[in-house]
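> Those protein sequence lines, which keep their order, are chains A and B. Add 64 to the 1-based position in the first sequence for our numbering, that's all there is to it. Add 78 to the 1-based position in the second sequence for our numbering, that's all there is to it.
Because the hints were derived from the structure by calculation, they are not lab data. Just so you know, these numbers come straight off a predicted model, no measurement behind them. Note that the Cβ used here is the ideal one computed from N, Cα and C, for glycine as well. Mixed in with the good hints, there may be bad ones.
[What the hints assert, rightly or not] Chain B stretches covered by chain A per the calculated footprint, using a threshold of three residues with CB under 8 Å from any CB of chain A: (1) 110 to 120; (2) 126 to 137; (3) 187 to 195; (4) 200 to 207; (5) 214 to 226; (6) 239 to 252.
[What the hints assert, rightly or not] Over 12 Å on every C-beta distance to chain A, these chain B residues come out as not near it, computed from the model: (7) L143; (8) T287; (9) G330.
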Amino acid sequence: MSGAQQVTSAGHRDAMLARPAMKFERLVPWALVAPALVIALVFFGLPILNTLRMSFNLHVDQRVYVPGFTLDQYWMLVKNPIFSGSILTTVKLSLICAFSAVTIGYGFALLVWIGPPLWRVGFIGLALCPLLISEISIIFGWWMFFPKTGLLSHTLLSAGLIEDRFSLMYTEFAALVGLTYLTLPFSFFIILSILDGIDKRLLEASSDLGAGPLTTFREVMLPLTWPGMLVAFAHAFIWAMGTYATPSALGPDTLWTIGFLVQEQMLGRHNWPMASALAIVLVVGVASIMLLMRRLMARGGRFHD
Amino acid sequence: MTEAALAQSVGSGRLAGISVTVWRAAGIVFASFVTLYVLIPIGVTIAMSFNDGSFIRFPITSWSLRWYEGFFASTRWTQALANSLVIALGTTVISTVSGILAAWTFDRYNLPLKNVIYVLIMLPLFTPGVVLGLGIAIAFGGIEIGGWSFFGSRGSVVIAHSLWAMPLVFMLMEATFRTVDRRIIEASYDLGGRPVRTFFEIVLPMVSTGVISSALFAFVISLNEFVMALFLTSRGTQTLPVLMWLSLRSAGTPELAVTAVVLATAVFACMSLVMVWYVRQLRKLGR
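So here's chain B without its partners, still in its complex pose:
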């Protein structure tokens, strides 16, 4: 039975009792309530970012791009944006590589204590960011290598964010690898393909959608995260969300709205890139 037919039967009075129109209306009201709930903070932020005034106050009387100009002219904000992007890229590389390798191992090999290792890898994902940030700050706060201190560095945030991103990549890729037809891998071995070559030339192209989506997740998580970053960054390495948080605590100006829009734009730009790639991939398959 198709969904349209179902909707028809739902609508045709079989859900007796209260009349169907009432149920329909209730559904529409509820749907609009949720839609409004989700869109309110987004809409408010976008509107405020184009405010010409210096204060956050509704109604907005005049509109301009002055806060956008201010954002890109301020080295403090652009530096934070650069930090955010560098950290997110680092997190993506580290968590994708380690997560994919671990997932591939779980799919292909027998390891002793497999369950224990599985729990160990997944556990950080369920640990609150406050705990992870505090733990890393305490455990590695004092480490210095040749004048480079771990604490306050971008590297420390990359590692901290990988604790959330890596298990996620691992989880996604484990599910993806399960869909790979083992006979194709065996065929590659039969034709003399060594495991490494098989992995790169046969397996990876087959799971490329999974790889790209998990990399995207890792990137987005790192870009948006701020509790761990708050614990681990110093003035020079602050990420965009951290700087937003600190500014919000002192005084909120429309500049914060601009920052929120810039951050969200970065995320949605990555999403769209992946979508474009995905559609092209589908077309290739269709040919």
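This is chain A alone, in the form it adopts within the complex:
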């Protein structure tokens, strides 16, 4: 549009050329945004609506699905302890994971922020590693670390700290270690970016006024970084809710998350309506966390009231 104006001012002959192009010009932004919009609408919007519809279909006679309308799947989610339990497990696991990711991420970001500049590049590179490595490779790494024949057991044994080899594999602890590993970099970078916007002289001012480090943290740092912590927490929580491989590969056999059941119902039992209902629960869960976060963020400015 501004292009057209420029052309008009450029000369008479150009203006003649530009006039029939005006109508075309209005379509230009749509044409430019079209590829992204088509991908979002056709390959995201449509499948989500389709999944929603599928979750109301019938599942009878071992057929993948039978068109119809029933709330059976959603009723099952409440009634069947496997499904209701998996929802609870997922929420619990994601909460613990988000909490540890934010705690470790915060501590590490704080360290990078106040530490000598020389550390900074190295630690940022270190924090990038989990982001650049496939989830499956990370699972495999821990898979070799925790079992009886793994590195942990071997190291402690040769250090003389334990008498006999032991296994931490297939425990909730192992699942949490893996999940936190995946979400840690996000928390770290989100919180570090908030810290970088804070004037470090505030720390000095606080200690000049006689506050100890813990008081400074509580009274100065926490209110300033609160929104960042919220974002990091929500991000880790959403991410942890969605992963299915890590808990199922590192955790105990009974550790069924929603993501795991989606996969099992879809690929293992060919029960599409049930898999869809579980997926919808996941989407609703993620959406409500995001909305909740937005509300908290809007109130975040009034932390000290």
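Given the coordinates of chain A, assemble chain B onto it according to the supplied hints.
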């Protein structure tokens, strides 16, 4: 105040209460804890990939390259590697082109329902991979065009991965385009440069760092992703992470460690290429 001076003041006893040495020591302990945490799975994997034995067991008694030889001799693994690279390249092209065009539109033009479109484009990034994989498999599973079925094809995975990569490119490029000086674009128009020519000859070179980094992100995301790929690939189109996952479920051998190393090497090789390019770009500017 410089950071060194700050570190000095932090260290000079003003953080009274508990003595400074204790805080320092705590910091170092914590830093080593995190460093160890991040490096353990990486180190274990690298060590195991050079194991000579047939089982995953510590301590490793003898070392060899036999699993690397095995990996590159096996058509199943190399086929999966090729699939992964093809899919990642496809994802990069599709998401970079669509993401950049959309971001440019958001920067330059007024669109009705701009906010709605923004949310629509960004939403897939926050949707779990399980949901996206399932949704696409259900919605497009039955589509066949002249004997070519969408389900199980590399194309379906490319589209699925673009759902994560495209919003990311869009987000990065939107921020990048905001840094472009509008007067330069106006100047180009004044000199008679048509919008398309201006875009390719003036704007793109100015934002090339953003373009390259977002393309890199798209590539890496696609290369590493495996949940969507698990839902959408068949035996012939399995990507490396999918094949790893399936092998891990049956029996883990040191071959998996080799695969993990190969995958990570591909990622870090791309990173280094981009770094080299970036440094050269900086030198050019310095001249």
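> Hint by hint, work out which the structure violates, then give me just those numbers in ascending order.
Of the numbered hints given earlier, the structure breaks just one, which is hint 9.
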